Amino acid sequence: VSAIAFDLRALVDDSQVIDAPGELHTYAYDASFLTQLAPRAPDAVVIARSTDDVSAVMRYANERRIPVTPRGAASGQAAGSVALEGGIVLAMNAMNRILEIDAPNMQAFCEPGVVHAQLNEKLAPHGLIFPPDPGSSRMATVGGMASTNAHGMRAVKYGPTSAWVLGLEVVLPDGQVIETGSVGSRAKQSSAGLELTKLIVGSEGTLGVVTRLRLKLMAIPPARAIVLGLFDVLERAGEAVQAVFGAGVSPSAIEILDERCIRAINLYRPAMQLPSVEALILFEVDGNPPGVKWDAERIVSVISGLAVRAEWSDEPARINALWEARSLVGAAVGTLRPGSNRAYCGEDICVPVSRIPETLRAIQDISAKHSIPIATYGHIGGGGLHPGHLIDGRSASEIERVLRVADEIHQLALRMGGTTTGEHGVGAARAAYMPAEHGPALDVMRRLKRALDPNGIMNPGVIFDVPNLPFELPLNAPVGEPATAAIDPG
Amino acid sequence: LNADPNLTLRAFRPTNASLEAEYNNMLACIRCGLCLTSCPTYVLTMHEAEGPRGRVGMARALAEGHLEVTPDLVEHELNCLVCDACSAVCPAGVHMDPLQVELRAALAASGRPSFVQRLVRWFVFAWLFMAISRLRLVVRAIWVYERSGLQWLARRSGLLRIVGLAEIEAVLPRVDGHFLVPRDERSGDGAPAAFFAGCIMSTALAEIDRATWRVLQRAGYGSCNPARQGCCGALHAHSGDLERAKELAKRNIVAFERSEGAIVVNSAGCGAMLKDYAHHFRHDPEWSSRAAEFSARVRDLSEVVVDRLPPLTEGTPRKVVYQDACHLLHAQRISRQPREILKRIPGLELVEIAEAGLCCGSAGVYNVTNPTQSRQLQRRKVDSILAVSPDLVVTANPGCLLQLRAGLGDRVPVKHIAEVLDE
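For the protein sequence lines, the chains are A and B, in the order given.
My numbering applies: residue 148 is where the first sequence begins, and numbers increase by one.
My numbering applies: residue 18 is where the second sequence begins, and numbers increase by one.
Because the hints were derived from the structure by calculation, they are not lab data.
This structure is a prediction, so every number in the text was calculated from the model and none was measured.
Careful: at least some of the hints might be erroneous.
Stated by the list, open to error - Here are some chain A residues pointing at chain B (derived, C-beta under 10 Å): (1) Ser179; (2) Leu184; (3) Pro186; (4) Ala220; (5) Ala241; (6) Asn243; (7) Asn267; (8) Val476; (9) Ala478; (10) Gly486; (11) Arg489; (12) Ala490; (13) Tyr491; (14) Ser501; (15) Pro504; (16) Tyr580.
Beta carbons: idealized from backbone N, C-alpha and C, even for Gly.
Excised from the complex, chain A in its bound form:
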């Protein structure tokens, strides 16, 4: 029994403290490839059941200077919820109650462990929806979404999670509990003081622990339609998106899938029978039924000169099937090469919309250079791209090459005038790029961090500092031929 676990048992119920070796290992990773390479089990896990639990653990950890890492579903792909410095993992997934649905004020109050899709299922009978919609809707928790400022497919119209969080209950590193967005308020807007809600959203558990969220909701749009555009030349897909924006249509989602993704979907859902083209774009429009029809027809007419095929549908079954395929393609690309699996690294760049075709070509070049197959999909309307790398984990050479691929993709994004993470967050995986990405602004972030967490116990190794890993990222060895000689063949 670790000393930390012994102490924690005095603060919360025995059943909430985990310290057996097998159990701890299951908290040693998230979906990032980085934590497959370097899993790190915490010293103890606390399954939080209440704000009081969190507050008690934070007070204790702050006094003892023990690192604390909050964790939701650990579906993140950036090693943002793994205790890379050891210490305590605060599992927030069991705090999963929807406390109130205030339909007249279009707000929901919930705990951070509520799974996104389950929230929207509960809101649906009220005719309401929480619009941010990550592809990971069926696993991600709203707490995790807030902590990474997740965007999702409909962010192009509805914006990121931060636009839909009105207030938060936050336990600060010293155990103090605060409420952001005005105490007890149900107002939908406010100009009162600094927007602490927006400071906490996206801070990836480095400033405090979110224990309750006040979310803004909207009415479910009465109609939806989807336009399917097939392009035999990548550049034309990029032009089509710009043409649609120029035509005065605001699609609720614009998603691109490259040829490899199309193949992956056809393997995972053979009934879909998508044709093989260089790029496929899904435009979704929503709103009132006549408006949706007008929008869909307008998109078809605008892109038909560029696409080899353009068609629209408002059949719910067709729309759902296409969205399901789109949301699962990330994990399904692993089926493309038998014996290979998806490695989540360099998976979340965002570039200016005008430079997407160029970026996609560059990603293909990186793929060819390192002989690592990459299937790319993403939110082309906002510039977000998710390159999906396939590797055989039994090959040390492929592991090394995919890390180089990830680094080159991150560098590419910055060169294109973009960012290394469009919506998944920095975590430990991208911390090394923050100086290049933010310049002196990173130092301002660090000062804010120190002001709130003077002892540096909250999720160390994420965003602000270089994480504690058994190897250095990005890899420093010269890039070129697969450098098998530099690798321990294991």
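Could you slot chain B onto chain A? The hints should help.
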């Protein structure tokens, strides 16, 4: 920082030979977490080690030598119901059933069971389920117990509670005294089909087997009932005794090689296992093709009768819940056919329940090995069922049938789909 300037990235590889066969299956898990909310034990506990991602993670760490066999690891792995709900939703293609079979065999080999545990295991796996004649003997004894007044006495005296058998005893079916013994008999001369009679089904629930036999006849099949068939081996495989499971599998493969047409099963758990013979023998040069041929012929009852049953003209109005057996819904991905069959019965209104895909807690012998979780899941399922106030619950697996009957008591009757079709 403890970064190594010389960069040592190691390839992923198994160091534990007994887990090598399923290592690719473990590597396929990219830890996206989509499986979590589908897992009954995760939903009950919200504990990562009680979810599929955690179980695969522990198995992989064990295979790679990063974890040792510790009591917590064994407990969480054995708490898995092997309901395959996670496999059904996994976009990366992880398959939990064979992973658990392999892992449990390795854990059983490394464990040090007590004398009593060894005795129970020997009785159940080496003696009882290895020869159907012995099972018949035991079921006959239960029949005598139920009919002679002994049961009445045991229940009234509180003896069952004193010896800690009250829970298990409550799940005992009302045993049918007239067993179905496969003797190569045939019925009619329609399309050929071979009937897999099962062990519990052909003894304790023999009337369901006879109903199945009649339903097949009505659907135009000329069925045969191959002699020398036996238990499918699922109980053994899921309890870490893969060797005996394979021995039973070989007997079934041989017994059915003399028959033609689909091998029809009315028990979802057996069906899933029979379809997995191909996987379990894939590396066996002598048996792989015979096992593959066998598995390719296996069909659930609902699959073979859905398009062949003559329409019924009358029926009583009733509200029916069809409770998916996990080994039909998740393991065999069969959900449409049984519903279609039921919907065609005049007067029958099919209603769906909340958390329809969540296991009822039966899961083979899980209700005996893990009574606490089993009871929690049973209660959850019963609540979901009662919330829609049905007149009847229909299922397609003996385990679910007995678990739901025990849970629902006399509030709602529970029938096997073959019984409903045979009415």
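Each hint tested on the structure:
| no. | hint | result |
| --- | --- | --- |
| 1 | Ser179 | holds (8 Å) |
| 2 | Leu184 | holds (7 Å) |
| 3 | Pro186 | holds (8 Å) |
| 4 | Ala220 | holds (5 Å) |
| 5 | Ala241 | holds (4 Å) |
| 6 | Asn243 | holds (7 Å) |
| 7 | Asn267 | violated (13 Å) |
| 8 | Val476 | holds (8 Å) |
| 9 | Ala478 | holds (4 Å) |
| 10 | Gly486 | holds (7 Å) |
| 11 | Arg489 | holds (5 Å) |
| 12 | Ala490 | holds (8 Å) |
| 13 | Tyr491 | holds (7 Å) |
| 14 | Ser501 | violated (31 Å) |
| 15 | Pro504 | violated (28 Å) |
| 16 | Tyr580 | violated (17 Å) |
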